[in-house]
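Trainee: For reference, the chains in residue letters:
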Amino acid sequence: MAVEPKATTEEVKMDLFEDDDEFEEFEINEDWVEKEEVKEVGQQWEDDWDDDDVNDDFSRQLRKELESSTDNK
Amino acid sequence: MSTWQLISDSSGDCFRWEVAGRILQSDSDSSPTKTLLESTPPLPSMADLLRQGCSKLVEREEPMPGEILMFRTGLGRSVALKESSIARAKSILADDNVVYSDLQDTGCSNLQKRQVDTAGNLPMFTTALGKSVPLKDSSIAKAMSILGGDLIDSGNVLPRESGFGDPTSLFQTASNKKVILSSPGLARAKALLGRGEDDLNGFNHVNRSFSSHQQHGWSELKTHEEFDATAVQRHSGTPGQYEGHVFGKMSEVLNPSSKVPPTKFQTAGGKSLSVSVEALKRARNLLGDPELGNFFDDVAVGDQFVTPQKDKRLGDIPINNGSANTGSITHEGKTSHKHTSNSFISPLRSSSKKFRSVKSKDLASGANSIKKFDAALDKTDCSLNSTKLATHGISNGRPSASDIAVTSSKEISFIPRGKQFGRPSDQPLVDITNRSDTAYANNKQGSTQKKRLGNTVSVSPFKRPRNSSFKTPLKKNAQHASSGLSVVSCDTLYSKKVLSTRYPEKSPRVYIKDYFGMHPTATPKMDYVPDHVRRIKSSNADKYVFGDGSSSNVVGAETFLQMLAECGASLQQVSRKWVTNHYRWIVWKLACYETYYPAKCRGNFLTITNVLEELKYRYEREVNHGHCSAIKRILSGDAPASSMMVLAVSAINPKTDNDSQETHGSDSGSNMKVELTDGWYSMKAALDVMLTKQLNAGKLFVGQKLRILGAGLSGWANPTSPLEAVVSNTICLLLNINGTYRAHWADRLGFCKEVGVPLAFNCIKCNGGPVPKTLAGITRIYPILYKERVGERKSIIRSERMESRMIQRHNQRRSALIEGLMCEYQREINGFHSQNDTDSEEGAKVFKLLETAPEPELLMAEMSLEQLTSFATYKAKYEAAKQLQMEKSVAKALEDAGLGERDVTPFLRVRLVGLTSLTYEGEHNIKEGIVTIWNPTERQRTELREGKIYMMKGLVPMNSDSEILYLHARGSSSRWQPLSPKASESFQPFFNPRKLIYLSNFGEIPLSSEFDIAAYVVYVGDAYADFQQKKQWVFVTDGSTQHSNSHSGETTSNSLLAISFSTPSMDDFPTPYISHNLVGSVVGFCNLLKRAKDAKNDMWVGEATENSIYFINVEAAYSSHLKTSSAHIQTWAKRPSSNSVIRELRQRVLFIIGACQSPSSSR
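Chains as they are written, first to last, in my numbering: chain A, 3 to 75; chain B, 271 to 1433.
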């Protein structure tokens, strides 16, 4: 773990880590994308929805938790 | 009465009055003239007079002695000056000194006194339009009583005509229209327009010394020095206060260059505009009926439109409504199509409030609409205390919106009218000239605006905000967070106040993934999390309140809005909706952290401080930096929805106000909707059938992040605020499974800067919609084919060879038909012109004459020019008509004969195979596909190579049950990018190159597989009809079996390959598919399919399909692998020993096709 959070009330959460919603502002330029693609190494997205084990199990866990929290209500 | 003379003074520059005869009775002094002459100082010189305001009185250069004194007006008109006039002037000047001085100071500068009582009439003033206006004492008195009783802004109130009887006063409008004003009317006008004291009622905080020159009414119109009687501009200052700018004004009057044309108002386009009383009345009615407890009461009576001057003088008080009004309306009208009237700033309010979400019908509703605005304003903003902030913020001694507004008021580019009168002013003048300035648009926006607005925002003259800088609404500083798009340009109203120092990031922080380290697989202490936190969902997070349990002390979204405002956030930029929305997503996120990382969070995340900090951060980015999250950019039209982005599912089948019925329908198998969020905003997304299936299978759930490529956008037409879009059910993303992938739990939300990874070919679902990007290897490229559409639903596919033959035949048949038609036409030509000579009889006659004449040249030489001309005209017409008719008849004949234009589309088939990464250890699941590229580009035809890996865009799978995936693409819209050799190395080999097949090892290749072979043509059978096809058999051998057969003694065993060619029977091609001339040649065949062996005849069987092709010359690139074999076979065929074998094989073939004939009988 990179940083051990000091869970003190004074600490602002935003200072602890960079959130996934802190988006980066950039231009979406298709030409640029085209150029980049030429340089791209061979990778492909092999996520098949039919496979259960493709995704990390976070999703399953989250799903389980959501279901349990719904049941608790 | 005494006579007066104008005498040049010593300098010669000035003139002064001298009494030349009888003494003018003075009001105050009734002493004899001489006494007066002696005792009184010299009468004022002309300069003095002018200075006093008797403008444009110019003495004739040399007054003739004995003549009546003549004055010359500013227009060069002579004005006779009689004693009586002088007396009258005197009486006026003396009696009503104050009034006169007022007039001098202001309005009189425009009046040209042409004649003063020349014939014992009333003094006449000439208006700027040249209209004479008699000026009676009573008129003056009346004017005084009406206008001058208190602080008259005589600079704008022009007593044009007065004194025509008591009941009415004639005013003349700028358009020369007379307006009769009754005394009650005037009284009413006065009441309506307000008195000087009233002016200050609404603005008791306004520095009174600056309250003069308040420009009433239509401050947007540039007024020159002449005003319509109703376009009252008042000076509420006293005459004494007014003296300050008299000189400035005088200089303007005396300077011919500053003479103003008789224009009433000049529009921004430089157009003169007269505004009548009625028009103004209508305008007033539109804005709110003043008679009905009107909106004027809200502020100062008569101060309906706060002038820039006032803004300036208000010092720190932000009441630049006039500018805000102008700017906002124009801005809205141009930039937000959908929310045209959503932002309307009351011109009346002394605060910088804005109205939002006011429907346009309210604007058009006429009376009391302003009242409605006020009501809306109160409703919207009252609880937010914005009025307090705006108007009394300073007194609070803390930074507030008002401070911000004050600063920005300096930036407003209104030009104070005072400057026109020579008054010093710090503010620029109101520029109402129609300058075609390019509206401000920052560079960044420029590239993104092309779809909607373009870089240059052209605003119609009356809509253009004056000098206030105009910015496009979508990005940067013009980004208005409160309602997305429908807010006025912000920096005219406020200056940026940094709310959060967390952006830009000063020191790098760890990313969420590293902070939490792992996904929350182990959350053993869920009990730590209070129930109220665990119950927080995206749908109810906005209603969450922090509190100590008591209902009186709770902190919710509303409180955060106030907190933000107290921190300095502009309430014009952030609305309650804005805060509620972001509060919702922040609370949901923090609650999720608390729930799934309880050990780390320990209740310290979901706190007021954290929420406020995040809100401030978002304000900073969105308002101050103009940044937009992915959803906001998509909805504003700034980014295509097809861009790759990561969004999280925040709700399944979100309920909206108007789709309650639709959600019930989703259970019956129709496609489901989900709500997706980028963490800042959310929008609906419709799932395709396959995704709906995944949703039902539980693979798509709340919290799941999705990487989305190539999404569509439905129901979107204009830039829309995400705050508006979320409540509607019309706008939604269209997701299909081929462009929607499950993302990592820590993937950053929003647009992906990195290049999208292509979907593995194996993962493409045939009914999963377009494939944004995929990667596959080309195993085979089939020859180009041509599909000709014949009739409604029928089509014929031809090879290139057949197509070229078809073209040839088609052209031959066309030529033959046209030739025949032409011959026929030539024969009919005589009858043609006889019917068309009506319009040019002479020309026709000449034409006929020349046509029948034995020596037309001689005839022509004798003709007149007219005859020749008419002949030439007629001939040209005749030729043109002939040509036209011929073309028509040819076209019709061709059509009738079925030889019209052919509808042929070329296409290319490419066989693909999915790739497997070298590192992949799972089961190999090779998936093959065939792509049909319609109208392939030249590059695609020539540059695609078998055995190479390509990244492809724009492929659309076709729904089929086949194991092979069929896709299609358009040549122009699909992209085929070859992968670099290095990148290609990361995949397992996929390619089986074409290789030569010999008949000797023909048994090794599996059935139905494709093969290429070079062979000697033994026999070409005749074409015959078989069901709906024409078939033709070709029998070949390659000599490869001769050696083995020689050992076994069976010379012809397995030596024959029968190839079946077939064409649709509807293709009435007369010549056979394979020419008999090929017999004895070595031909290369490619892409044949192996069929079951004809065991009875001990013969191999192959089938030629659409994709098959044969080459007589195997040197061609496509068949180069057959080159060696072809050469060997040719050598073999030439051997004498081969002749007998070939002959024997031919006999066998003849026996086979003859069915009944034995090989012996056929000999």
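Because the hints were derived from the structure by calculation, they are not lab data. Think of the CB as a built atom: it goes at the ideal place given N, C-alpha and C, for glycine as much as any other residue. Please note that a few of the clues may not be correct.
Unchecked claim - Quick list of in silico lysine to aspartate or glutamate cross-link-like pairs, EDC-like style, CA-CA up to 20 Å: (1) B/Lys1197 / B/Glu1216; (2) B/Lys1064 / B/Asp784; (3) B/Lys776 / A/Asp52; (4) B/Lys1023 / A/Asp50; (5) B/Lys1115 / B/Glu1127; (6) B/Lys1197 / A/Asp23; (7) B/Lys1057 / B/Glu1070; (8) B/Lys1197 / A/Asp53; (9) B/Lys1197 / A/Asp50; (10) B/Lys1118 / B/Glu1157; (11) B/Lys1360 / B/Glu1414; (12) B/Lys807 / A/Asp23; (13) B/Lys1301 / B/Glu1216; (14) B/Lys969 / A/Glu29.
Claimed, not checked - One side only, chain B facing chain A, incomplete, derived with CB under 10 Å: (15) Tyr863; (16) Gly896; (17) Ala909; (18) Cys1036; (19) Gly1038; (20) Pro1040; (21) Ile1051; (22) Ile1054; (23) Tyr1056; (24) Gln1155; (25) Ser1159; (26) Ala1163.
Trainee: All hints, please: hold or fail.
Mentor: These are the hints, each one checked on the structure:
1. As the CA atoms of B/Lys1197 and B/Glu1216 are separated by approximately 17 Å, the hinted pair is consistent with the 20 Å bound.
2. Among the hinted pairs, B/Lys1064 with B/Asp784 is inconsistent with the structure: their alpha-carbon atoms are about 62 Å apart, more than 20 Å.
3. Using a Cα cut-off of 20 Å, the hinted pair B/Lys776 and A/Asp52 is violated, with the two alpha carbons roughly 44 Å apart.
4. Taken as a hint, the B/Lys1023 and A/Asp50 pair is broken in the structure, with Cα atoms around 23 Å apart against an allowance of 20 Å.
5. Distance hint between B/Lys1115 and B/Glu1127 is fulfilled; the C-alpha atoms sit about 16 Å from each other, no more than 20 Å.
6. For the hint pairing B/Lys1197 with A/Asp23, the CA-to-CA distance comes to about 37 Å; that exceeds 20 Å, so the pair is violated.
7. Taking the CA atoms of B/Lys1057 and B/Glu1070, the gap is about 10 Å. The hint holds against a cut of 20 Å.
8. A C-alpha spacing of about 16 Å is found between B/Lys1197 and A/Asp53, which places the hinted pair at or below 20 Å, so the restraint holds.
9. Note on B/Lys1197 and A/Asp50: the hinted pairing holds, with a Cα-Cα distance of about 13 Å set against a maximum of 20 Å.
10. Our distance criterion of 20 Å between C-alpha atoms is broken by B/Lys1118 and B/Glu1157, whose separation comes to about 24 Å.
11. Taken as a hint, the B/Lys1360 and B/Glu1414 pair is broken in the structure, with Cα atoms around 24 Å apart against an allowance of 20 Å.
12. In summary, the hint linking B/Lys807 to A/Asp23 is supported, as the alpha carbons are separated by about 17 Å, within the 20 Å threshold.
13. For the proposed pair B/Lys1301 and B/Glu1216, the alpha carbon gap of about 30 Å is over 20 Å, so the pair is violated.
14. Between B/Lys969 and A/Glu29 the alpha-carbon distance is near 32 Å, which puts this suggested pair outside the 20 Å criterion.
15. Hint status for B/Tyr863: holds, given a least beta-carbon distance of 8 Å to chain A, under 10 Å.
16. At its closest, the beta carbon of B/Gly896 sits 9 Å from a beta carbon of chain A; the interface hint therefore holds under the 10 Å criterion.
17. Restraint check, B/Ala909 versus chain A: the minimum CB separation of about 5 Å is within 10 Å; hint holds.
18. Interface hint status for B/Cys1036: violated, as the beta-carbon distance to the closest one in chain A is roughly 13 Å, over 10 Å.
19. Look at B/Gly1038: its Cβ gets to within about 9 Å of chain A, closer than 10 Å, so that hint holds up.
20. For B/Pro1040, the interface hint is violated, since its Cβ never comes within 10 Å of a Cβ in chain A; the closest pair sits about 15 Å apart.
21. A cut of 10 Å between beta carbons decides the hint on B/Ile1051: the least distance to chain A is about 21 Å, and the hint is violated.
22. With its C-beta approaching chain A no nearer than about 26 Å, B/Ile1054 sits outside the 10 Å limit, and its interface hint is violated.
23. Interface restraint check: B/Tyr1056 against chain A, minimum CB-CB distance 31 Å, threshold 10 Å, status violated.
24. Checking B/Gln1155 against chain A: minimum C-beta separation of about 52 Å lies over 10 Å; hint violated.
25. Against a cut-off of 10 Å between C-beta atoms, the interface hint on B/Ser1159 is violated, since the closest Cβ of chain A lies about 51 Å away.
26. Residue-level restraint check for B/Ala1163 is violated (minimum Cβ-Cβ distance to chain A is 50 Å; threshold 10 Å).
Of the numbered hints given earlier, the model fails hints 2, 3, 4, 6, 10, 11, 13, 14, 18, 20, 21, 22, 23, 24, 25, 26; all others are met.
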